[in-house]
Amino acid sequence: TNPTFPGVPVPPSFNESGSSWVELNWLRDYPEYHNGGAPVIGARVLMRPSDHHDWTAEHVYGYAAPDPAAPKDRIIRFHETPQELLDHGYVARVDDLQPETGYKFAVILTNEVGPSHRSRSSFEMRTSLSEIIEGIWVALALGGTFILVAIYGLSWAGAPRIDALYVDNESEEEAGNSLLRTAPKTGTSVPVTIRPANAAPENEASRPDGTGLSTIGHKVVSSFSSFLSEAGAPRKMLMGLCCFCFVACVAAALEVLFCQYVRTTDPFLPGNAKYLYSLIAILCSGACTWAISSSFAAWQSRECDHARRCIVAAAVIVWGTMLSSMVTVMGWTSAKLSPDTALWAQTLSSICLLGGVLGVLLESVVLVLRTHGQPTTTVALPDIGISNWITERL
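Under our numbering, think of the first position of the sequence shown as 1, with each following residue one higher.
Keep in mind that the hints were calculated from the coordinates and are not lab data. Mixed in with the good hints there might be a few duds.
Listed next, with one range per pair, are the computed distances between beta-carbon atoms [unchecked claim]: (1) Leu257 to Gly153: 27 to 33 angstroms; (2) Ala253 to Gln83: 41 to 47 angstroms; (3) Pro49 to Gly240: 53 to 59 angstroms; (4) Leu257 to Ser225: 40 to 46 angstroms; (5) Lys274 to Gly240: 33 to 39 angstroms.
Please read all numbers here as calculations on a predicted model, not as lab measurements. All residues carry an ideal CB built from backbone N, CA and C; glycine is no exception.
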């Protein structure tokens, strides 16, 4: 049969968008039904802002001629290359749009015979957040995550050795730079054993004082056994585990909802929720700054255990700041995220939440090891004023 004009296309539907572009399609289950029996070689996509009633622009794709009936004084025409018409003429990408703005579209198809009638108007399609806003958010999130990882790693590197904590041996602790050693008296010196240069290296596992790596496991088991033998310790541990599991499950559920929200094409928040999330974002930002500053001050004071616990708390607060700030921005602008920024938001928030959860578990174990079997005399840390006051009250 001879080809005819294409049938009336279906209204365009949304694929995805960025800050300055929208990708739309007018696919049917059977595309050959409305192509007139000949391949689609061009398309004209009419566009208007959602609050306008008249078409304001026309994007011409491929070999489609502009509509001669369209008024030339109020429609801006953009001529696109044939490569911009995707999926055999049923998908197109419209560029040069404004960020955080809603648009409506209609399409006219063209085959070798001529153009079709214009489709009905589509539903509103919105561009994503401005690239500047997205870039600032990603930069702050990356910077905060890097600071947390750096201070946490430095706090572990400067912390007392695990094995030195369980041996009341002043020389061993001094060699390990332990903060838990007894301060030597004035005028006294710590005896140092001098080995010949040609002597064989000492095997760490065979040290007579029992501080080798082979004995650490026994000391850990002994510390936990001592902890569990205390009155009410199993009940406290069970209650702590139950509270931890409940909070972790709630946080995981919030993370799943957040990941779904940043992928939605039509973000919406009621008026009261916008103000609530804005307040939460402001409070979380202040708490995050305080926690990171306190951890840095504790690390400077060589309170490495306290610095790590501050960082764990800061990781959870940063996670809450990420969620509340992004939801606030999307709610106020009613604009979605670009695909790349949505992926960054999901990845960074998941890393902070996972780091906070694992950090709570790890620091709980370290706390038990530190408080059972350690020496009774400790060195008083130097008073450094406001930084020490902050770290003591976190």
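Here's how the hints hold up against the structure:
1. Range check, Leu257 to Gly153: about 31 angstroms between beta-carbon atoms, so the 27 to 33 angstroms window is met.
2. The hint said 41 to 47 angstroms for the Cβ distance between Ala253 and Gln83, and at roughly 44 angstroms that hint holds.
3. At about 56 angstroms, the beta-carbon gap between Pro49 and Gly240 stays in the expected band of 53 to 59 angstroms.
4. Against the hinted window of 40 to 46 angstroms, the Cβ-Cβ separation of Leu257 and Ser225 comes to about 42 angstroms, which satisfies the hint.
5. The given range of 33 to 39 angstroms is respected by Lys274 and Gly240, whose C-beta atoms sit roughly 36 angstroms from each other.
Figure legend: structure checked against the earlier numbered hints; every hint is met.
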